[in-house]
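Each residue of the sequence shown is one higher than the one before, starting from 1 at the first, in the UniProt record's numbering.
Watch out, some of these pointers could steer you wrong.
When the alpha-carbon atoms are kept at most 27 angstroms apart in a straight line, the in silico DSS-like pairs for lysine-lysine are as follows [said to hold, decoys possible]:
#1 K111 to K122
#2 K34 to K53
#3 K53 to K149
#4 K34 to K99
#5 K41 to K143
#6 K144 to K73
#7 K68 to K102
#8 K102 to K26
#9 K34 to K149
#10 K149 to K164
#11 K92 to K73
#12 K41 to K26
#13 K73 to K149
#14 K53 to K92
#15 K102 to K34
#16 K111 to K34
#17 K149 to K108
#18 K106 to K26
#19 K73 to K53
#20 K149 to K68
Rather than coming from a laboratory, the hints here were simulated on the basis of the structure.
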Amino acid sequence: MAATGCKPDIKETGKAAYFDIAGYFKGQTAVLTKQNPFVNKTAIHNGASQTRKVQIGNWEGEFEQFIKSDINKPAWRQSYVVNQGKGLTVYKANNPGLKTQKIILKQKDGKLVWIYIYNHDKNLLFESYEDLAYYPDSVYTIKKWQHVKLMGVNRYEIRGEVVK
């Protein structure tokens with residue numbers, strides 16, 4: 001008798017149900033790695049701020065929070081409501097337990113103008129909120145609020161502005 005896994009019988013068509021966030025940011029990683037631009041990068045932690053002009057050595061690491069916000073998992077195929085109109089596409093989770101709760105894409109003439117992602121995660125030990133925004137070839141921001149039980153609240157913000 002053959003052993004079978006506990007995976008549901010899902011056939012992949014190869015086509016993503018939603019905008020391919022991970023693929024998009026991996027593509028941006030390749031472009032920015034090749035261009036190797038200078039970035040005015042500001043890091044703020046609980047109000048203390050530091051700004052430096054740097055070259056990012058690991059764009060995939062820099063965009064990790066964006067890449068992790070990918071919603072194209074087979075199990076989530078029906079987990080987001082999609083609304084489109086006036087150049088905007090909004091993906092909203094219909095399950096409050098999903099980390100990525102909202103993605104908004106602004107497009108003009110078929111080209112992506114900006115992406116906004118809202119993540120929320122909560123368990124017995126911590127709760128966190130993330131606001132992620134990306135303007136291609138220009139600016140990205142990562143804002144995070146995190147409360148860890150027995151340790152308190154931390155606020156982080158990263159802002160990177162590509163120097164042209």
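A quick look at each hint next to the structure:
1. K111 to K122: Given that 27 angstroms is the threshold and the Cα spacing comes to 34 angstroms, the pair is violated.
2. K34 to K53: Given pair K34, K53 holds - Cα atoms ~18 angstroms apart, limit 27 angstroms.
3. K53 to K149: 35 angstroms, violated
4. K34 to K99: It is violated: about 32 angstroms lies between the C-alpha atoms, which goes past 27 angstroms.
5. K41 to K143: Status holds; Cα separation ~13 angstroms.
6. K144 to K73: The hint holds at about 24 angstroms.
7. K68 to K102: The given pair, whose Cα atoms are some 13 angstroms apart, holds under the 27 angstroms limit.
8. K102 to K26: 20 angstroms, holds
9. K34 to K149: 42 angstroms, violated
10. K149 to K164: Answer violated: K149 to K164 is near 43 angstroms, above 27 angstroms.
11. K92 to K73: Distance ~15 angstroms between K92 and K73 Cα, so the pair holds.
12. K41 to K26: 20 angstroms, holds
13. K73 to K149: 30 angstroms, violated
14. K53 to K92: Violated: K53 and K92 sit about 36 angstroms apart, past 27 angstroms.
15. K102 to K34: 31 angstroms, violated
16. K111 to K34: 21 angstroms, holds
17. K149 to K108: Distance ~43 angstroms between K149 and K108 Cα, so the pair is violated.
18. K106 to K26: Between K106 and K26 the Cα gap is close to 19 angstroms, so the pair holds against 27 angstroms.
19. K73 to K53: Violated, at about 36 angstroms.
20. K149 to K68: Satisfied, since the Cα-Cα distance of roughly 24 angstroms is no more than 27 angstroms.
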